[in-house]
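Visitor: The primary structure of each chain is shown beneath.
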Amino acid sequence: MQISIRNFTKTFDATTVIDDMNLTIRDGEMLALLGPSGCGKSTTLFTISGIHRMDKGQLMFGDRDVSGLPSQKRNVGVVFQNYALYPHMNVFENIAFPLTVRKDAKADIDREVRAIAALTHISELLERRPGQLSGGQQQRVALARALVRKPDVLLLDEPLANLDAKLRLEMRSEIRRIQLETGITAVLVTHDQVEAMSMCDRIAIMKKGEIVQIDTPADMYSNPRTSFVAGFLGNPPISFLSGIAMENAFSVAPIKLRVPLVPQEGIADGTQLKLGVRPEHFGPEGDIAVEGRIAFAETQGRENLYDVALADGSVLRSIQPAGRNWALGDTVRWHIDSKSVFVFTDDGQRL
Amino acid sequence: MTRNFATWPIILLLTVLSLPLFIMYLFLLVDTFSNTPPGSLLPNEFTLEHWRFLIDPTITGDIWKPTLTTFLFAASMMVIVVSVSATAGYALSRLALPFRRFVLSGIMVMHAFPSVTLIIGVFLVLQFAGLYNSLIGVILVKASLMLPFGIWIMKGFYDAVPWEIEMAGVQDGASRFTVWRRIILPQVKPGLLSLALFAFIDGWSEYMLPRILAPSSDFEVLSMYLNTVSDPNSSTYNFNIFKSVGLFYTLPVLALFVLFQNRLMNIFGGGTKG
Ligand SMILES: Nc1ncnc2c1ncn2[C@@H]1O[C@H](COP(=O)(O)OP(=O)(O)OP(=O)(O)O)[C@@H](O)[C@H]1O
Ligand SMILES: [Mg+2]
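First to last, the sequence lines map onto chains G and Y. Just so you know, full-length UniProt numbering puts 284 at position 284 of the first sequence, and the rest follows in order with no gaps. Just so you know, full-length UniProt numbering puts 148 at position 148 of the second sequence, and the rest follows in order with no gaps.
Don't read these hints as lab results, they were simulated from the structure. Do not rely on the hints blindly, as some may be mistaken.
[Said to hold, decoys possible] Calculated Cβ distances over 10 Å to all of chain Y for the following chain G residues:
1) G38
2) S49
3) N75
4) I109
5) A118
6) R172
7) Y221
8) Q300
9) G313
10) I319
11) F344
[Unchecked claim] Here are the simulated lysine-lysine pairs, DSSO-like style, with alpha carbons at most 30 Å apart:
12) K56/G x K207/G
13) K256/G x K339/G
14) K65/Y x K243/Y
15) K106/G x K189/Y
16) K103/G x K189/Y
17) K208/G x K56/G
Glycine included, each C-beta is placed from N, C-alpha and C at the ideal position.
Using the sequences and the accompanying hints, generate a full structural model.
Guide: Take a look at the structure:
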């Protein structure tokens, strides 16, 4: 079901946390709300669920206005960060709870619970208490409980934050698989860009209560609209150089760097600019030479990471396949791939 | 449990310190079942005569009626304290009530207030309400004196229940009341149980309030009964019978304590969060 948020404003004791937000989640898609801590991701999520009320604005499930409805009447499934399973009930009772509240027939409950348990691969755990489950299993139970009512939308608040690295990888694909199999509309809150990129159809990047950009992971990565977005996606992160516009080029005079601004002609000379260079676009290959010294080197097995300090003190990150290794302190003459760089104005807008 | 120090010195110390108490109780127990010749320390014959009062009302008066009254007194007080604390504690912990802070600090002050100082006020209220000299009046007063403690303890237990569990229940479609009854209440069961025990024991051992607030009524609780038996000027005075009645009076408390001592300790583990 399509979810739309229109002109949403939320205020907590005089501080406005979300100001006039508009967001549409398409039917059947999984959308990530990605952003730094405190930007209002959970607030948005809990507003969709009905735990928070909107101060202004409208929330539509399909063409039904649910803004005024309490949580109980919204048919929303929520998975909380700590799973929030009911400790005194076993797994079966946990999953059945939403159905018993609805007073479904016993046989129906049994059938539904077993079906959803099969989908989430926990059929053999139904007799256990939550305390006797591993983190990943608890996560599956929480998912099953959220899905058993066939909600209009599934909301996940940092569902993987409490898992260790390996389980996180596993549950990442599991959640995605379950979402695809049920075809449910889902919103995933996370501050981990890898999670957002790997699990979701689209990503909405938030900053201080505003949505800065909403796009598919690939588009967002290759076409960031602001330097904030460019800096948020990608690991290792993008590096920025400060310079000025000079004769249709981005120029850093002290190190004689000139990157032509091909499509963006007509910028007044002397305008302050920022150049964003992703680590994979800086290395031995490329077209614009920069000289520097290796200030940091890290081996990651398949790849090596380098920080190259330029003469004026700024730093460019690079990621290179293992094989040819450079050592700390080496002087290198590497190149920037000028077709793949991003140019931003001083306040972060992409040119 | 990790053992980073030896436990036997502590156990030894505790044993030595509690030995006098233990010996006293042992003597008390032995004395109620035996006769000791004057001047001797050790008993010389086994007898059940000191327990005759259980079946023979002529000795010290009927003991079963005060026992029943005491039981009723303690049980009603327990019901009132537990049900009010269970609901009020939840409200104070979770609901956005007006004057919440004020109520909380009020409860704290009441908790710290010595109840004797309230007696005159309580007396006037009871007089006014027509409950002076009645069992119900005493129960109400005793229960309300315990309520600040009970509410505070239960609030602590509710505070320890994660907020998400409650929200998950609401999200699953349950009303706030259903969530409270089916999800939250089971989480605070240890608190309820220990509060119930405390309330019962407190009610069982109450002496002062019935004396003051119902001095001329026709009911008698066990503590008052014991007081009568212990009067050395009475014609039926018998020190060994007094001991037996005393033991009889203590037994339920001892039994409850032995059965539930682990649960009772809960109240200090779970109720510490303010
Ligand atoms: N109940 C509340 N009362 C007052 N302020 C709140 C409340 N809930 C959230 N806030 C504030 O609103 C802002 C956004 O909070 P929110 O929980 O939505 O952040 P978030 O993006 O989920 O962050 P995180 O990644 O740390 O969970 C924060 O500044 C927070 O302090
Ligand atoms: Mg959050």
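Visitor: Taking the hints in turn, state whether each one holds.
Guide: Results of checking the hints against the structure:
1. G38: holds, 18 Å
2. S49: Violated, because the least Cβ-Cβ distance between S49/G and chain Y comes to about 6 Å, which does not exceed 10 Å.
3. N75: violated, 8 Å
4. I109: Fine: 13 Å to the nearest Cβ keeps I109/G off the interface.
5. A118: Consistent with the label, A118/G stays out of reach of chain Y, its closest Cβ about 20 Å off (over 10 Å).
6. R172: holds, 22 Å
7. Y221: holds, 33 Å
8. Q300: At about 36 Å from chain Y, Q300/G clears the 10 Å cut-off, so the statement holds.
9. G313: Since the minimum Cβ distance to chain Y is about 47 Å, G313/G lies beyond 10 Å and the statement holds.
10. I319: Holds, because the least Cβ-Cβ distance between I319/G and chain Y comes to about 39 Å, which exceeds 10 Å.
11. F344: With a cut-off of 10 Å, F344/G remains clear of chain Y, as the shortest Cβ separation is near 40 Å.
12. K56/G x K207/G: Holds - the C-alpha atoms of K207/G and K56/G are around 19 Å apart, at most 30 Å.
13. K256/G x K339/G: Distance ~19 Å between K256/G and K339/G Cα, so the pair holds.
14. K65/Y x K243/Y: Judged against 30 Å, a Cα distance of about 19 Å means the pair holds.
15. K106/G x K189/Y: holds, 27 Å
16. K103/G x K189/Y: holds, 25 Å
17. K208/G x K56/G: Between K208/G and K56/G the Cα gap is close to 18 Å, so the pair holds against 30 Å.
Comparing the model with each numbered hint stated earlier shows that hints 2 and 3 do not hold.
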